[in-house]
Amino acid sequence: MSTAQPQAASTSAYRRMEESITLSEEKVVEGSRELLTLNIGPHHPATHGVLRLLVTLDGEVVRDVKPIIGYVHTGIEKTAEQKSYWKVIPVVERMDYLSYFFNAMAYCGAVETLLEVEVPRRAQYLRVIHLELNRIMSHLVWLGTSALDLGAISVWWYCFREREMLLDLFEMSTGQRMHTRYIQVGGVAEDVPSGWIERVRAFTKVMPERAEVYGDLLNKNEILLQRLRGVCAVSQEELLALGVTGPLLRATGNPWDLRKAMPYSSYDDFDFKIPVGTQGDNYDRYAVRLAEIHESCKIIDQALDGLPEGPWITEDRKVALPPRHELATSMEALIHHFKLVTEGFRVPPGEVYYPIESPRGELACFVRSDGSSKPARVHMRDPSFVNLQATMPMVEGSLLADMVAALAMLDPVLGGVDR
Amino acid sequence: MTHLVEVLATPLAVVGYAEPWWMAIAKSLVIFAVGLQLVPLVLLMERKLLGRFQNRFGPNRVGPFGLLTPIADIVKLLTKEGFRPRTSIGWLFALAPVLSIMSAVAVLAILPFGNVQDIFGTPTGLYGIDVSIGPLFVFAFGAIAFYGIMLGGWSSGSKYSFLGSMRAAAQLISYEAAQGMALIGVIITAQSMSLTEIVEAQAGMWYVVPQIFAFLIFMVASFAETNRPPFDLVEADAELVGGYMTEYGGGRFATYFFAEYLNIIVISGLTVTFFLGGWMLPFGIDAPGWVDPLVVIGKLMVFVFFFIWIRATLPRLRYDQLMSFGWKVLLPLATLNTLVTAIVVTV
Amino acid sequence: MPDATGMELLARELGERVEGCVLATRHFRGKGAIDVRPSSVVEVLRALRERGFDFLTSVHGLDYFPEEPRLGVQYELLDMSALDRLTVALRVPLEDPRVPSVTPDWPTANHQEREVFDMFGVIFDGHPDLRRILMPEDYEGHPQRRDFPVGGEPILFTHNETSSPRWFA
Chain A
0 MSTAQPQAAS TSAYRRMEES ITLSEEKVVE GSRELLTLNI GPHHPATHGV
50 LRLLVTLDGE VVRDVKPIIG YVHTGIEKTA EQKSYWKVIP VVERMDYLSY
100 FFNAMAYCGA VETLLEVEVP RRAQYLRVIH LELNRIMSHL VWLGTSALDL
150 GAISVWWYCF REREMLLDLF EMSTGQRMHT RYIQVGGVAE DVPSGWIERV
200 RAFTKVMPER AEVYGDLLNK NEILLQRLRG VCAVSQEELL ALGVTGPLLR
250 ATGNPWDLRK AMPYSSYDDF DFKIPVGTQG DNYDRYAVRL AEIHESCKII
300 DQALDGLPEG PWITEDRKVA LPPRHELATS MEALIHHFKL VTEGFRVPPG
350 EVYYPIESPR GELACFVRSD GSSKPARVHM RDPSFVNLQA TMPMVEGSLL
400 ADMVAALAML DPVLGGVDR
Chain B
0 MTHLVEVLAT PLAVVGYAEP WWMAIAKSLV IFAVGLQLVP LVLLMERKLL
50 GRFQNRFGPN RVGPFGLLTP IADIVKLLTK EGFRPRTSIG WLFALAPVLS
100 IMSAVAVLAI LPFGNVQDIF GTPTGLYGID VSIGPLFVFA FGAIAFYGIM
150 LGGWSSGSKY SFLGSMRAAA QLISYEAAQG MALIGVIITA QSMSLTEIVE
200 AQAGMWYVVP QIFAFLIFMV ASFAETNRPP FDLVEADAEL VGGYMTEYGG
250 GRFATYFFAE YLNIIVISGL TVTFFLGGWM LPFGIDAPGW VDPLVVIGKL
300 MVFVFFFIWI RATLPRLRYD QLMSFGWKVL LPLATLNTLV TAIVVTV
Chain C
0 MPDATGMELL ARELGERVEG CVLATRHFRG KGAIDVRPSS VVEVLRALRE
50 RGFDFLTSVH GLDYFPEEPR LGVQYELLDM SALDRLTVAL RVPLEDPRVP
100 SVTPDWPTAN HQEREVFDMF GVIFDGHPDL RRILMPEDYE GHPQRRDFPV
150 GGEPILFTHN ETSSPRWFA
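Protein chains in written order, with numbering that gives the first Met the number 0: chain A, 0 to 418; chain B, 0 to 346; chain C, 0 to 168.
Since the hints were made in silico from the structure, they are not lab data. None of the values given here were measured: they were computed from a predicted structure. Be aware that a few hints might be false.
[What the hints assert, rightly or not] Rough simulated footprint, nothing fancy, chain A against chain B, three-plus residues with beta-carbon under 8 Å:
#1 53-59
#2 74-83
#3 225-235
#4 309-315
[What the hints assert, rightly or not] On the chain A side, residues computed to face chain C include the following (Cβ under 8 Å):
#5 Ile-68
#6 Gly-69
#7 Glu-76
#8 Thr-112
#9 Pro-321
#10 Gly-349
#11 Tyr-352
#12 Arg-367
#13 Gly-370
Glycine included, each C-beta is placed from N, C-alpha and C at the ideal position.
Excised from the complex, chain A in its bound form:
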C-alpha cells in the first residue's frame, strides 16, 4: 500500500509531461473496423536499433505507420563544431555505426575539397579497398538481421562468421575493429601492413562462394520467396520524390550509383556492374544487395591488382602529420607536428557538399568553414534518415509481418538516422 504511493506521485510528473506531447493526428481510414494502435519499439527486436513505430492496425493489416526517431540523437553535428578538423573524424564515424569508413570518407572528402588537397593514388586505392570491405560488412549485417526478422535464424551466424573475418582485416590494417579512423584528411592514416593484402585476397576468394551459399539457402526456399516476392513494392517515381537512394532505388530498375555516375576516389578505374531490380519489391531489394557483395569483391580484387606504389598520405605538411623519423631530424617537421596536434590545420572559408555512395544510398557531408581550425557546420545527409520516410508508402495495406520484412529491407541504421 505505502510503496505504491510515492511511485505514483513521482511517475505522474513524467507521465503528465509525456501525455502533454501532441503526436500528429490519428489517420482516419474509410470503411475500416476497429483499429488497434500498436507501439513497436523503441525496444523491439525487429526495429534494428531504437526506432519507434506507431502502427495503426486493422486486424493484422497495417493502416498507418509513424516512425518516431531521436532516441539515439547524440548531437554529433554539434560536437563536431567544437573540435578541430582532424579530431572530427572519429566523431562522425560513430553516426552510421555500420559504415564508419563511409562517414569518414564523406567528411574527409569534403574537407579535402575545401583545402584543395590532392590525395595520392595509393591512398585513393586503399580507401576504395576499405570502403568496399566495409560495404560487404554492412550488407552482411543487413543480410543476417533481415533473415532473422524473416525467421531464418541460422543465416545470422553465417553472416557474422564472414563479418568477423572482415573485422579482423580492419583490425590488422587500422588497429581497430570498428570506428577505425583510418581515412585521414589527405589520405589514410597508415600504409597497410605486410601480409594484409594476401589476407584480403583470401577473403575476396571466399566471400563470393559464401554469398552464393546464402543465396542458395534463401533464394531457393519457397517460403522466403513467398515472403519477399511482390511484397511492399514502391514505384520508382515515388521513391525519387521521397529522395530515396541506394539499393532501394536500384531495386526499381534505376541504376543510380554515385560510384559510376559521379566517380570519386578513382572509382572510374574499376570495372564493375551495378545490380538493379525490376519490380522494386522486397525480393529485388534483397537480390540487389546480395549481388552488390559480389561486385564489391570484384572491385577489391582490381584495386589490389592495381595498387600503386607511393605515399599513402599527402606530402602537404600543413595538413598531414610528418613521418615519425623526420621529427628527430627536422626542426620544421617538429613545428608542423606541434601546430597540427595542438591547433590543427586551418581551412579556407567556404561551403562544400561532398556525396558518396554508402551501402544505404547517398551519404553526403556538408562542411562549412569560416577560416578557423574548427568547422563552422558539419552536416551529414544520412541515407537512413531520408530513406526512412519511405516506410509508410512501403508498408501501407500490408500485413504486420511484411512490415517487419520491409523495415529489414529498408535497412535503416539508427545511429545514422538520429546522428
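Please arrange chains B and C on chain A, whose structure you already have, making use of the hints.
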C-alpha cells in the same frame, strides 16, 4: 480401492488383462518422471544442435559438455520473481500455463512405450492407459492446450500477447482439422482407435508406407500445432516479441516453455505410434520386451531432431499464407487421402 | 557542373521567371550555388525542376553567427541525367525565421525540414507536420545554433532520485 480403480478404468480402457491398482500408480509415476526428464534432454539437444547448425558450439559452460545447462535454466527461471502486468487478469494469467502443461502431460499418459510385459509377475502394459478412443483423446487435450495459449495471451493485457493469441486461435483450429483428417486414414486402415492396436496393426508394414500422404500432412500440421518454426507465428519473435508469452516470466514462463517442448515430444511420440510402428523394430526383428521403450524413445528422438533441423533452416510463414496453406492445401489433401483410404479398405 | 558563365545564365533565366528572386550566384570548388530570396524558394525550385534538377538530395540548415542574416537553409539539387548538382541557398534573420515549405512539392523535404526546424528554429510555412524530430518534444531552444551553449544537460529520468532520495548514499 482396487474396485475404484477398476471402475474408473473400465469404461475407457481396453482391459485385456487385470492390472492391480498399485501398478497403475507406479506406472503413472514412472511415465511422468521419464516424460519430464526427456524435456531438459530435448532442450539441451536443441541448443546443442542449433549451435552445430549455426557454426558454433552451443552451451558448454555448465557441467560436462554443458549437460547441466537445462538444470541451471530451470533453477534460474524458478527462482525469479513472479510478476504480472497491471492490466492482466490475475487468475487466468496464472491458470493458462497450467492448462498448457496439463494437457501435454495428459497426452503423454496414453503414449504406448511398449506392449504388455510381465513385471514382478504382473502383466503390465508399458503405457499409462490404453484408451479405446486414442486419437479423440489426443485432440480433446489438444483443444484444451489451445485454451492455455489463448487465455495466456488474452489475459496478459498486452497488445502483442493479444495479437499472438488471435493468431493462435486461428492457427491451431485450422491445423487441428487437417491433422485430424490425416489420422482418419490411419484409423480406417487399422480398424481401431486404440493406440496399442494401431501399433500392432502395423506388424506387417508401418503405416508410413501406405499412408505416406497422411504422414506428411500430419507432420506439417504437427509443426503448426506445436508452434514450431516455420509455423511459429504465435510467438514470432521478430514481430510479436514472443506473442502469447510476451508478458510471462519466471516460473510461469518456464511452465509454458516446458509445455512447448513436452508437446514436441508427445507429438513425435504420436507420429511414431501412428506411422512408424511404435515399439516395433524393422525387418521383423523380435527384441525382448525391455527394449520396447528404448525403441520408441529412439524413434521419437529422430523426429525431435527433425523439428530442430527445420527450425534451423526455414524462415517463418506469413499469417495469411499459413491460413491459406492450412485450408486450401492441407485440408483438401487430407480429405482426399481419407476418401481414397476408405475406398481401398472397403473394396 | 555549371561553370561560372552557366551559373549567370541560369540566374538570369530564374530572375526572368520569378521577379527578383536571385540575390547572388556563387561558384566554389567546381560547384554552383544560387542565393535566393526566402519567399521565392518554392518557385525557384519548381523552375529548376523543369530544368532537369528533379531530385532534392538534401535540405540542411546553417547558422552564420555572428553575421546577419543569421540562419541559412540550403537545398541540394541533383540532375540525374545531366549528372549535375546545384545548391540553392537562402538566409533568414533570427527575428523572423520564416521560409515557405517545399514539402508539398518535394516529399523528401518533410523530415529534413523538421530537422532544420528542430536544430535551428527555422519555421517552414506550409509544412504539414512541423514538429521536433530528433530532440525531445518538450525541449527548449534550438541546439545547433552557434550561440547555444555546449555543456551539461538536465537528467530526464529522475525516477530513482525522487522516489527514494539519496538511495546511493
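We went through each hint and held it up to the structure:
1. 53-59: With 3 residues closer than 8 Å to chain A, the region 53-59 of chain B meets the three-residue bar; holds.
2. 74-83: Answer violated; 0 residues pass the 8 Å Cβ test.
3. 225-235: holds (count 5)
4. 309-315: holds (count 6)
5. Ile-68: holds (7 Å)
6. Gly-69: Where the cut-off is 8 Å and the nearest Cβ of chain C is about 4 Å from Gly-69 of chain A, the hint holds.
7. Glu-76: At 6 Å from the nearest chain C Cβ, Glu-76 of chain A passes the 8 Å test, so the hint holds.
8. Thr-112: With a minimum Cβ separation of about 5 Å from chain C (threshold 8 Å), the hint on Thr-112 of chain A holds.
9. Pro-321: Interface hint status for Pro-321 of chain A: violated (27 Å vs cutoff 8 Å).
10. Gly-349: holds (5 Å)
11. Tyr-352: holds (6 Å)
12. Arg-367: holds (6 Å)
13. Gly-370: violated (13 Å)
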